[in-house]
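A.B. asks: If you're matching them up, the sequences are chains A and B in order.
Quick note: the first sequence uses the numbering used here, first residue 1, plus one each step.
Quick note: the second sequence uses the numbering used here, first residue 113, plus one each step.
Careful, some of the hints might be misleading.
Residues of chain A placed beyond 12 Å of chain B at every Cβ, according to the derived structure [what the hints assert, rightly or not]:
#, residue
1, Ile12
2, Thr20
3, Gln37
4, Gly53
5, Asp56
6, Glu59
7, Thr70
8, Ala82
9, Val88
10, Ser94
11, Glu100
12, Gln101
13, Arg108
14, Thr110
EDC-like cross-link-like pairs, simulated, lysine to aspartate or glutamate; straight-line CA separation at most 16 Å [stated by the list, open to error]:
#, chain 1, residue 1, chain 2, residue 2
15, B, Lys210, A, Glu59
16, B, Lys210, A, Asp96
17, A, Lys57, B, Glu117
18, B, Lys210, A, Asp56
19, A, Lys14, A, Glu59
20, A, Lys44, A, Glu59
21, A, Lys44, B, Asp180
22, B, Lys218, A, Asp38
23, A, Lys44, B, Asp204
24, B, Lys210, A, Glu100
Note that these hints are calculated values from the structure, not bench results.
Glycine included, every Cβ here is placed at the ideal spot set by N, Cα and C.
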Amino acid sequence: NAGVTQTPKFRILKIGQSMTLQCAQDMNHNYMYWYRQDPGMGLKLIYYSVGAGITDKGEVPNGYNVSRSTTEDFPLRLELAAPSQTSVYFCASSLDRTYEQYFGPGTRLTVT
Amino acid sequence: GQSLEQPSEVTAVEGAIVQINCTYQTSGFYGLSWYQQHDGGAPTFLSYNGLDGLEETGRFSSFLSRSDSYGYLLLQELQMKDSASYFCAVRDSGGYQKVTFGTGTKLQVIP
């Protein structure tokens with residue numbers, strides 16, 4: 001199993017550009033999450049999904065959108081990138097309402 | 113909402129024992145988890161407490177007191193590779209049981 005994979009690993013965006021961060025898992029997990037982590041800080045939940053077709057906002061959803069058309073994939077869309085979105089983005093998954101989340105390697109995004 | 117407090121930094125000597133505390137305030141509580149994150153890496157799950165008491169996994173133990181809204185992670189026989197950030201995370205009791213992470217404790221193990 002590859003676990004949770006994320007692409008790209010690094011990206012530099014100009015202000016106002018858009019992009020999609022890809023996330024996929026091959027563990028047949030129902031729950032998937034997107035977090036952002038600013039330097040020296042904890043993880044903040046952006047969006048989460050409890051199954052295909054079901055998504056909901058987390059703590060910091062503004063400026064982002066998600067979709068979940070399949071169990072495996074959970075892409076995160078950034079529209080009109082802003083410097084405040086410079087961060088490391090982690091995707092995670094869990095089997096169900098369980099306590100253990102599996103994290104992808106992260107995407108390091110810089111907006112200038 | 114949820115809020116969690118952890119010390120920002122802890123330094124300990126190789127071979128020693130260190131305790132990282134976590135206090136939380138939540139509107140609903142289901143359990144407390146601990147994650148480890150090395151610099152530049154992704155968080156990895158360490159332990160979970162759903163009930164009061166001590167859970168032991170090798171050199172790591174985690175404790176929870178629901179009445180005190182308090183938990184801790186205990187690391188024994190510290191090794192240099194234990195230098196990392198440690199996050200406590202609260203699972204709320206809402207329908208989807210979202211997880212909220214603390215800001216993390218950076219542990220430095222010195223020789």
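A.B. asks: Any hints from earlier that this structure breaks? Give me their numbers in increasing order, please.
C.D. replies: Per hint list: 3, 5, 6, 9, 10, 11, 12, 13, 17, 19 and 21 violated.
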